[in-house]
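Dock chain B against chain A, hints included.
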Amino acid sequence: MDSSISTEKSDVAIAAHAAHAHEEDHAGNSMFGFIVFLLSESVIFLSFFAGYILLKTTTPDWLPAGVSGLEVSKPAINTVVLVSSSFVAYFAERALKQNNLLVFRLLWLLTMAMGIYFLAGQAIEWSELEFGFGDGVYGGMFYLLTGFHGLHVLTGVLLMGIMLAKSFVPNNYAGGHTGVDATSLFWHFVDVIWIILFVLIYIWQ
Amino acid sequence: MTNVPVEGIKIPDIAHPEPQNNWRKYFSFSTDHKVIGIQYLVTSFVFFLIGGLLSMVIRAELITPPADLIDRTLYNSMFTMHGTIMIFLWIFPSLVGLANYLVPLMIGARDMAFPRLNAAAFWMVPVFGILLMTSYFLPSGTAQAGWWSYPPVSTQNPTDSVITGEFIWILAVAISGVSSIMGAVNFVTTIVRMRAPGMTYFRMPAYVWTVLSAQLIQLAALPALTAGAIMLLFDAAAGTAFFNPEKGGNPVLFQHFFWFYSHPAVYVMVLPIFGVFSEIFPVYSRKPLFGYKVVAVSSLLISGVSVLVWVHHMYASGTPGWMRMLFMASTMLVAVPTGIKVFAWVATIWKGKLRLDTPMLFCLGALLMFVFAGVTGVMLASVPIDIHVNNTYFVVGHFHYIVFGTITMGMFAALYHWFPKMTGRMYFEGLGKVHFILAFIGTNLCFLPMHLAGLHGMVRRVSSYDPEFAFSNVLASLGGFLLGMSTIPFILNMVGSWAQGKPAPDNPWRAIGLEWLVSSPPPVENFEALPIVVSGPYGYGKSDPLVENAAALKEG
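Chains as they are written, first to last, in numbering that gives the first Met the number 0: chain A, 0 to 204; chain B, 0 to 555.
Chain A on its own, in the form it takes in the complex (with noise of 0.2 Å):
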């Protein structure tokens, strides 16, 4: 009795201990909420995929007239380069963790330049349809998914040019590198939602 009783008193002191570390993890805490919003995030998109699956096997004329379909090679150089920006968005991350600063700078910059990239590509194609926002279901849905994962793509270089920025703010790292890793996580979010993306707009034509 007596030495379980003091096994578990130790068991409740190492407890304590680690408790009093957790109540200062302050940096855990945003990242545990980080991902969770992001699982969270996640059903916007899946409830999105599943109502373009669900009209696209349902609706009668699925495109509007006199639109044959979508030109495939140029959205996929776009997917190329973006899926390429989360290996980049990668190893920029390793590099600050190496405390490499300059080669972090440069590889986020470059990531932030594929993104931009994508954007751009995208605008021009979007300008290129011969069908708008209101044209049918298809219309619809096609720029209804294109339109909120960009701006989830702008939302990611917003986020990766305020990290860039604030790498030059002295003693920013004294706390943990909470920041980027989340933007990178987002931005591997980002690039995971548009090979879905791709495959139902694209390739499921």
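Hint data in this document are derived by calculation from the structure and do not stem from the laboratory. Cβ atoms here follow ideal geometry from the backbone N, Cα and C, with glycine treated the same way. What you were told as hints is all true, and nothing was included just to trick you.
Chain A is nowhere near these chain B residues, computed Cβ spacing over 10 Å in every case:
1. W321
2. G429
3. K501
4. D505
5. P520
Simulated DEER-style distance windows between Cβ atoms:
6. A:I195 x B:V177: 21 to 29 Å
7. A:I195 x B:A173: 22 to 30 Å
8. B:E527 x A:P169: 31 to 39 Å
9. B:I69 x A:I195: 47 to 55 Å
10. A:N98 x B:A334: 52 to 60 Å
11. A:K96 x B:A173: 37 to 45 Å
12. A:N98 x B:F342: 57 to 65 Å
13. A:L109 x B:V293: 53 to 61 Å
Quick look at chain B alone, frame taken from chain A:
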């Protein structure tokens, strides 16, 4: 490192910029979870009164068969706004407020994980509440498509306005959604990562389990409504055709989006009240909660099943037979974890030393009405019955037994039970009992006859009806007015007690729980030293201490 002592002196000054009992803090951007909790509760109660006033007008219209009191268009606006206000501005925010107040205290944390996010989420509530109210001043009037806003009704624009009531409605619901997601992220992070040492998952009070389960539903299902609302907004404002059958769209798709969230939302609303039952029954029966672990886990089970039942709202929406069968089965499955809870509560009360104070009375009344609502709920899950009573007052009666009989009554129980903790004052027991008796009789008088009218075919959302339903409706209206009256002793009690009630001791109910180990009201940051929890939450009838360092929790 040399400046550490200086910081040690400065930080408390910054952390306590104002005196403790300053009423102004309730009107400030405070980041204290207890202030925010009370802000939520008071704000939502104001909207409860507004929503209640609308229902008084509805019951006044329905006391006679013809539509003779208000214009039909205004009537449509009345029931739409009544439902919207009661759900998005009373039940949701009041429950979030209660959870905000209790969760950090119950798990032994000093605050929520993200205090500023918490405050921002709260301040959205008055913003979208007032925004919703402004739609009364639009030429188009408020939204009139019911709280579920089905297209094509909701996308009509008969007054040809640029900004319609429906537009404002969608905007308000969207802001409410953002606020809810911010809250959900905060609660989940707080419960998973901020528990005190020794506070394992199976030492958390059942209430915390229900809050966790409810907030997980918010995270998993609310974004579906957001998606549907975005598409609806574009249909109404930008001429898209997602839900417009004339241009190839599918209006039933909106119903899927809507109910994929709004059915689980019912569990978001009722789970924390289950938690309140699980907290209050043991205290006033002086017995441990029966089957604590099973009750705790059944909350998560309810969350899991809840996202698989939404089509039962759409049996009459051209749903194919196999789908109806599937969702009938999954819906009835919900009764299993729920039944487990009901049996656990009954077993907790069984042969206990019952103390019939106001919180216990409200809980017993709410449990009784919940069992009734559960029975009609299983009836409605059955396809043949649902087809028969679809869109009738049977449905209205059923869900009011949940939203008023169970949730609102349970919320009153919680408010009375934790009132001494929140304010440091005791409420007046006599007024509390008057409130309970009026509310209990009023609820049953108002909502029980609706079942009868519905079974005989009275449809909902109409301002005139066949005289054969007159008797049920007179009873319902009288019950409704009684319910309206019942809030008067409550308001008198809360305001009067807060101002002049007897000072409350730390633990007036001899309850077990971390929140009862600190002073009433608890100080900013709750605990002087973090509690070290050494036993489970319901040690009634045992003499095990709950924490190792009870003396160190309080200052001085």
